[in-house]
Each structure stands twice: as structure tokens, then as C-alpha cells.
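A.B. asks: Sequence:
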Amino acid sequence: MVFFEHDGSSAGLIAAVSKIILPLCLICNVAYGDESLEYKIKAAYLYNFTKFITWPENHATTFNICIVGGDPFRKLLDNLESKTAFDKPIRVFRYAHIKQAKDCHIAYFDKIEDVTSISAPNSLIVGALPSTLTVGSQPFFAESGGMIGFVLEQEKIKLHINLKALKLSGLEISAKLIEVSTLVKEDEHE
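Our numbering numbers the first residue of the sequence shown as -3 and each following residue consecutively.
Do not rely on the hints blindly, as some may be mistaken.
To be verified - With a Cα cut of at most 30 Å, we get these calculated DSBU-like pairs of lysine-lysine:
no.	residue 1	residue 2
1	Lys36	Lys71
2	Lys95	Lys163
3	Lys181	Lys152
4	Lys79	Lys98
5	Lys163	Lys47
6	Lys47	Lys152
7	Lys98	Lys38
8	Lys79	Lys181
9	Lys36	Lys95
10	Lys181	Lys71
11	Lys152	Lys107
12	Lys154	Lys107
13	Lys181	Lys36
14	Lys160	Lys36
15	Lys172	Lys107
16	Lys47	Lys181
17	Lys79	Lys47
18	Lys84	Lys47
19	Lys172	Lys160
20	Lys79	Lys95
21	Lys107	Lys95
22	Lys38	Lys163
23	Lys98	Lys160
24	Lys152	Lys38
25	Lys38	Lys95
26	Lys154	Lys181
27	Lys95	Lys160
28	Lys36	Lys152
29	Lys38	Lys160
30	Lys107	Lys71
Hints in this document: simulated from the structure, not taken from any laboratory.
Quantities reported herein were computed from a predicted structural model and do not represent experimental measurements.
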């Protein structure tokens, strides 16, 4: 079986192989680029939530943003450590389990198994992390007890907000953020 034809010379072979490999490389770069852009946008959201959410008074000396489980952001969030929130330097932490995220102001979960690593349903997130803004990318994160879910709709990242979970945690959300979001209720997806 012949997959491609060439004139037998090494230059011809390189040209023929390039016709196959180059398009594959372009496809890979576009796919990686899209994912990279997606996480740049999500990282910007995580930082900007500090401008639209108010946390209860605490005596922490840093504002902690935590990634629980897998880290799809790689180094993107590390840039936030040069910024402040509420006059406190931002620190980024990466934890394997939700139990380690007790001192986080924002906890991001990329996959559902990251949330359930404490063997509890999503609706217990607020109890496990009081006064922590919980954000996730998995389907129905906010409807399952998380506070803000990143939802991909028509190739755009939209926000789903669970006001009940936010209020239970003692966090206050700006009306401006509510205006650009979809409000959801817990267990609405069932």
C-alpha cells in the first residue's frame, strides 16, 4: 500500500512527509492554542473575582488562590503573585486534595474527581471550605453546590453562579458580576 508518492530522492521524501506532518502539527498547535487561551481567560476571571466578591473579615496576611487536583493553568497563575487583593499579596498554591485547601480564599477545581476527593458530594463543598469562593470547570459545578462554574457555550466561557452557596459561605457578590452571569439553583441539572 502506498500512502504517498515521491521521486525517490531524499528531498522528494522530505517534501512528501512534510505534506503529512505539517498539517498535523498545525492542528495540534491550534488545539493547544485554544486550550491555552481558555485557561488565560479563566486565570483572568479568577483574579478579577477579587474585584466583585467580598470576603468576610479575616486576619490572613496573604490572599490565597488555590488549585485543587490537576493544574491546567501550569504557570499562568504564577503571574498573579505580583498582584494584590484587598491590600494583601496574592499567593498561588497547588493542592492534591480539598482537605489541604482550608486557608484558600479562592479554590479552583478542574475535574469532578478533584471536588469529590473528600468522598463527599459537591453540595458539601461550602461546609468543607467555609468563606472560600469555589470555582470549577466541570459540567453542573454550580448546580451541584459549587459557587461559580465556568461553562463553555458557543465557544465562549460563561459564568454560572449559585447564589445560595455564596450566601451560605458568607461571601458577598457584586450586582455587576450577577448581571453578566447565569444564576442557577442547586440540583437544577437533575
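A.B. asks: Give a verdict on every hint.
C.D. replies: Taking the hints in turn, this is what the structure says about them:
For the hint linking Lys36 to Lys71, the alpha-carbon distance of about 10 Å falls within 30 Å, and the restraint holds. Taking the CA atoms of Lys95 and Lys163, the gap is about 22 Å. The hint holds against a cut of 30 Å. Taking the CA atoms of Lys181 and Lys152, the gap is near 22 Å; set against the 30 Å cutoff, the hint holds. Proximity of Lys79 to Lys98 is assessed by CA-CA distance (about 22 Å); at most 30 Å being required, the pair is judged to hold.
Using a Cα cut-off of 30 Å, the hinted pair Lys163 and Lys47 holds, with the two alpha carbons roughly 17 Å apart. Restraint check for Lys47 and Lys152: the C-alpha separation of about 21 Å stays at or below 30 Å, so the hint holds. A C-alpha spacing of about 22 Å is found between Lys98 and Lys38, which places the hinted pair at or below 30 Å, so the restraint holds. Straight-line distance between C-alpha atoms of Lys79 and Lys181 comes to about 33 Å, which puts the hinted pair past the 30 Å bound.
With a C-alpha separation of about 27 Å, the suggested pair Lys36 and Lys95 falls inside the 30 Å cut-off, and the hint holds. Of the supplied pair hints, the one linking Lys181 and Lys71 is violated, its CA atoms being roughly 33 Å apart against a limit of 30 Å. For the suggested pair Lys152 and Lys107, the alpha carbons sit about 19 Å apart, so the restraint of at most 30 Å is met. Taking the CA atoms of Lys154 and Lys107, the gap is about 17 Å. The hint holds against a cut of 30 Å.
Between Lys181 and Lys36, the direct Cα distance comes to roughly 28 Å. Compliance with the 30 Å bound is thereby established for this hinted pair. About 28 Å separates the Cα atoms of Lys160 and Lys36, which keeps this hinted pair within 30 Å; it holds. Proximity of Lys172 to Lys107 is assessed by CA-CA distance (about 28 Å); at most 30 Å being required, the pair is judged to hold. For the given pair, Lys47 sits about 24 Å from Lys181 by alpha-carbon distance, which is consistent with the 30 Å threshold.
A hinted pair counts as satisfied when its Cα atoms are at most 30 Å apart, and Lys79 with Lys47 qualifies at roughly 12 Å. For the proposed pair Lys84 and Lys47, the alpha carbon gap of about 13 Å is at most 30 Å, so the pair holds. Taking the CA atoms of Lys172 and Lys160, the gap is near 17 Å; set against the 30 Å cutoff, the hint holds. At most 30 Å may separate the alpha-carbon atoms for a hinted pair to count; Lys79 and Lys95 meet this at roughly 26 Å.
Taking the CA atoms of Lys107 and Lys95, the gap is about 16 Å. The hint holds against a cut of 30 Å. A threshold of 30 Å between alpha carbons decides the hint, and for Lys38 with Lys163 the separation of about 23 Å falls inside it, so the pair holds. A threshold of 30 Å between alpha carbons decides the hint, and for Lys98 with Lys160 the separation of about 21 Å falls inside it, so the pair holds. Distance check on the hinted pair: Lys152 and Lys38 sit about 11 Å apart at the alpha-carbon level, within 30 Å; holds.
Simply put, Lys38 and Lys95 have alpha-carbon atoms about 23 Å apart, close enough for the 30 Å limit, and the pair holds. Between Lys154 and Lys181, the direct Cα distance comes to roughly 16 Å. Compliance with the 30 Å bound is thereby established for this hinted pair. For the hint pairing Lys95 with Lys160, the CA-to-CA distance comes to about 22 Å; that is within 30 Å, so the pair holds. In summary, the hint linking Lys36 to Lys152 is supported, as the alpha carbons are separated by about 13 Å, within the 30 Å threshold.
A hinted pair counts as satisfied when its Cα atoms are at most 30 Å apart, and Lys38 with Lys160 qualifies at roughly 23 Å. Restraint check for Lys107 and Lys71: the C-alpha separation of about 18 Å stays at or below 30 Å, so the hint holds.
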